[in-house]
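Asker: Sequence:
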Amino acid sequence: MKSKHVAVLLGGFSSERPVSLSSGKACADALEKEGCQVTRVDVARDVGAVLAELKPDVVFNALHGPFGEDGTIQGILEYLAIPYTHSGVLASALAMNKELAKKVVKAVGVPVAESKVTNRFAIQSKHPMKPPYVVKPVNEGSSFGVVIVHEGQSHPPQVIGSSEWKYGDTVMVERYVHGRELTCAVMGDVALGVCEIIPTGHSFYDYDSKYVAGGSKHETPAKISPNIYQKIQTLALKAHQAIGCRGVSRSDFRYDDRHSENGEVVWLEVNTQPGMTPTSLVPEIAAHAGHSFGDLLSWMVEDASCLR
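According to full-length UniProt numbering, the sequence shown is numbered sequentially starting from 1.
Hints may be right or wrong, so weigh each one.
[To be verified] No farther apart than 27 Å at their CA atoms in a straight line, the calculated lysine-lysine pairs in the BS3-like style are these:
#: 1; residue 1: Lys4; residue 2: Lys55
#: 2; residue 1: Lys231; residue 2: Lys106
#: 3; residue 1: Lys130; residue 2: Lys106
#: 4; residue 1: Lys126; residue 2: Lys103
#: 5; residue 1: Lys126; residue 2: Lys116
#: 6; residue 1: Lys238; residue 2: Lys106
#: 7; residue 1: Lys130; residue 2: Lys103
#: 8; residue 1: Lys116; residue 2: Lys130
#: 9; residue 1: Lys33; residue 2: Lys4
#: 10; residue 1: Lys223; residue 2: Lys238
#: 11; residue 1: Lys166; residue 2: Lys126
#: 12; residue 1: Lys116; residue 2: Lys106
#: 13; residue 1: Lys55; residue 2: Lys103
#: 14; residue 1: Lys231; residue 2: Lys217
[To be verified] Now the in silico label distances, taken between C-beta atoms and shown as ranges:
#: 15; residue 1: Thr118; residue 2: Ser163; range: 14 to 22 Å
#: 16; residue 1: Asp257; residue 2: Glu284; range: 16 to 24 Å
#: 17; residue 1: Ser3; residue 2: Leu307; range: 22 to 30 Å
#: 18; residue 1: Lys33; residue 2: Ser163; range: 42 to 50 Å
#: 19; residue 1: Ser305; residue 2: Pro111; range: 25 to 33 Å
#: 20; residue 1: Gly35; residue 2: Phe121; range: 49 to 57 Å
#: 21; residue 1: Arg45; residue 2: Pro132; range: 39 to 47 Å
#: 22; residue 1: Ala289; residue 2: Gly35; range: 17 to 25 Å
#: 23; residue 1: Pro226; residue 2: Pro111; range: 31 to 39 Å
#: 24; residue 1: Pro18; residue 2: Gly75; range: 19 to 27 Å
#: 25; residue 1: Lys55; residue 2: His150; range: 50 to 58 Å
#: 26; residue 1: Gly179; residue 2: Thr234; range: 34 to 42 Å
#: 27; residue 1: Gln153; residue 2: Ala289; range: 37 to 45 Å
Bear in mind the hints are in silico, worked out from the structure with no lab data behind them. Don't be surprised by glycine CBs; every beta carbon is placed ideally from N, CA and C.
Turn these sequences into a full structure, and let the hints steer you where they fit.
Answerer: Right under this line is the structure:
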């Protein structure tokens with residue numbers, strides 16, 4: 001481990017570039033403290049040529065969003081035969097497509113909210129389903145482009161059909177699930193703890209809640225009953241395995257306990273490249289499970305491989 005040359009991929013050219021720069025810096029700094037030789041690579045279109053010349057032992061993928069977590073960079077790394085962290089080509093592509101990922105996890109018994117995929121222009125004049133519902137880009141992360149349509153809203157959100165929309169023409173419309181925001185990290189084949197995210201001054205866990213200091217409060221472990229806690233761990237591991245994730249992933253859930261403690265638990269999505277910023281969830285959940293940030297990253301570097 002200590003003699004390994006690790007290339008940390010960061011930045012990139014998706015809308016999540018600022019998050020990736022922050023994640024990548026935190027990871028690169030920590031890996032250097034663990035004794036690795038680290039090269040920071042701000043990813044551009046010539047990344048294949050850059051890596052072919054660098055010849056690192058391992059690539060630590062700290063990219064977020066399209067190109068970085070959708071199977072694209074993973075395919076380049078497979079082609080170059082450089083071991084890399086996180087999920088492989090298929091799992092990355094599958095997890096990034098929210099609708100296909102839901103179909104796969106539903107088939108193994110993970111509960112999901114009803115949804116449909118449609119063209120954004122098709123929902124300008126009438127509601128695609130009875131409000132409340134959520135409109136999401138099919139292939140984005142960090143809550144980019146998420147719009148909540150509340151009960152009693154007379155018309156669909158106009159921003160989705162406007163020229164301001166920059167998240168593609170295909171969107172997923174999903175039943176809005178009331179309740180608490182819970183998330184569970186998986187490390188290898190072990191579900192770590194469950195964390196509750198309480199947005200501060202935000203209606204849901206949006207971009208600012210995720211990445212701006214003070215944007216949300218994290219409760220690790222989540223203050224929920226032991227049976228719900230274990231259920232979420234079981235479902236997170238099921239989703240991780242069904243999609244074929246490797247390394248570290250994080251599954252997000254909604255838990256509606258308004259009417260009973262058992263309530264409704266709904267899986268929303270799996271993140272194959274969870275954030276590693278100072279305000280990110282996975283490092284916090286891992287720390288509660290006894291893994292320091294350096295230990296977590298060292299494990300990920302040791303776990304790196306091709307044909308993932």
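Asker: Now look at each hint and say whether the structure bears it out.
Answerer: Against the structure, the hints come out as follows:
Distance restraint check for Lys4 and Lys55: the Cα-Cα separation of roughly 11 Å lies within the 27 Å cut-off, and the hinted pair is therefore satisfied. Only pairs whose Cα atoms come within 27 Å are accepted, and Lys231 paired with Lys106 is accepted, the gap being roughly 15 Å. Distance restraint check for Lys130 and Lys106: the Cα-Cα separation of roughly 22 Å lies within the 27 Å cut-off, and the hinted pair is therefore satisfied. Proximity of Lys126 to Lys103 is assessed by CA-CA distance (about 26 Å); at most 27 Å being required, the pair is judged to hold.
Distance restraint check for Lys126 and Lys116: the Cα-Cα separation of roughly 15 Å lies within the 27 Å cut-off, and the hinted pair is therefore satisfied. Taken as a hint, the Lys238 and Lys106 pair is honoured in the structure, with Cα atoms around 10 Å apart against an allowance of 27 Å. For the hint linking Lys130 to Lys103, the alpha-carbon distance of about 22 Å falls within 27 Å, and the restraint holds. Distance restraint check for Lys116 and Lys130: the Cα-Cα separation of roughly 12 Å lies within the 27 Å cut-off, and the hinted pair is therefore satisfied.
With a C-alpha separation of about 13 Å, the suggested pair Lys33 and Lys4 falls inside the 27 Å cut-off, and the hint holds. Taken as a hint, the Lys223 and Lys238 pair is honoured in the structure, with Cα atoms around 22 Å apart against an allowance of 27 Å. For a cut-off of 27 Å, the pair hint linking Lys166 to Lys126 stands: about 21 Å separates their Cα positions. Taken as a hint, the Lys116 and Lys106 pair is honoured in the structure, with Cα atoms around 14 Å apart against an allowance of 27 Å.
The straight-line distance between the Cα atoms of Lys55 and Lys103 is roughly 38 Å, outside the 27 Å bound, and the hint therefore fails. Using a Cα cut-off of 27 Å, the hinted pair Lys231 and Lys217 holds, with the two alpha carbons roughly 23 Å apart. Under the hint 14 to 22 Å, the C-beta atoms of Thr118 and Ser163, about 19 Å apart, fit the expected range. The hint said 16 to 24 Å for the Cβ distance between Asp257 and Glu284, and at roughly 23 Å that hint holds.
A hinted range of 22 to 30 Å holds for the C-beta pair Ser3 and Leu307, which are about 24 Å apart. A C-beta distance of roughly 46 Å is found between Lys33 and Ser163, which places it inside the suggested range of 42 to 50 Å. With their beta carbons about 32 Å apart, Ser305 and Pro111 fall inside the hinted range of 25 to 33 Å. Between Gly35 and Phe121, the C-beta spacing of about 54 Å keeps the proposed range 49 to 57 Å intact.
With their beta carbons about 41 Å apart, Arg45 and Pro132 fall inside the hinted range of 39 to 47 Å. About 23 Å separates the C-beta atoms of Ala289 and Gly35, a value consistent with the hinted range of 17 to 25 Å. As the Cβ distance of Pro226 to Pro111 is approximately 19 Å, the hint placing it in 31 to 39 Å is violated. Taking the beta carbon of each, Pro18 and Gly75 are about 25 Å apart, inside 19 to 27 Å as hinted.
In this structure, Lys55 and His150 meet the distance hint of 50 to 58 Å, their C-beta atoms being roughly 53 Å apart. Checked against the given bound of 34 to 42 Å, the beta carbons of Gly179 and Thr234, roughly 19 Å apart, lie outside it. Between Gln153 and Ala289 the beta carbons are some 41 Å apart, a value that agrees with the proposed interval 37 to 45 Å.
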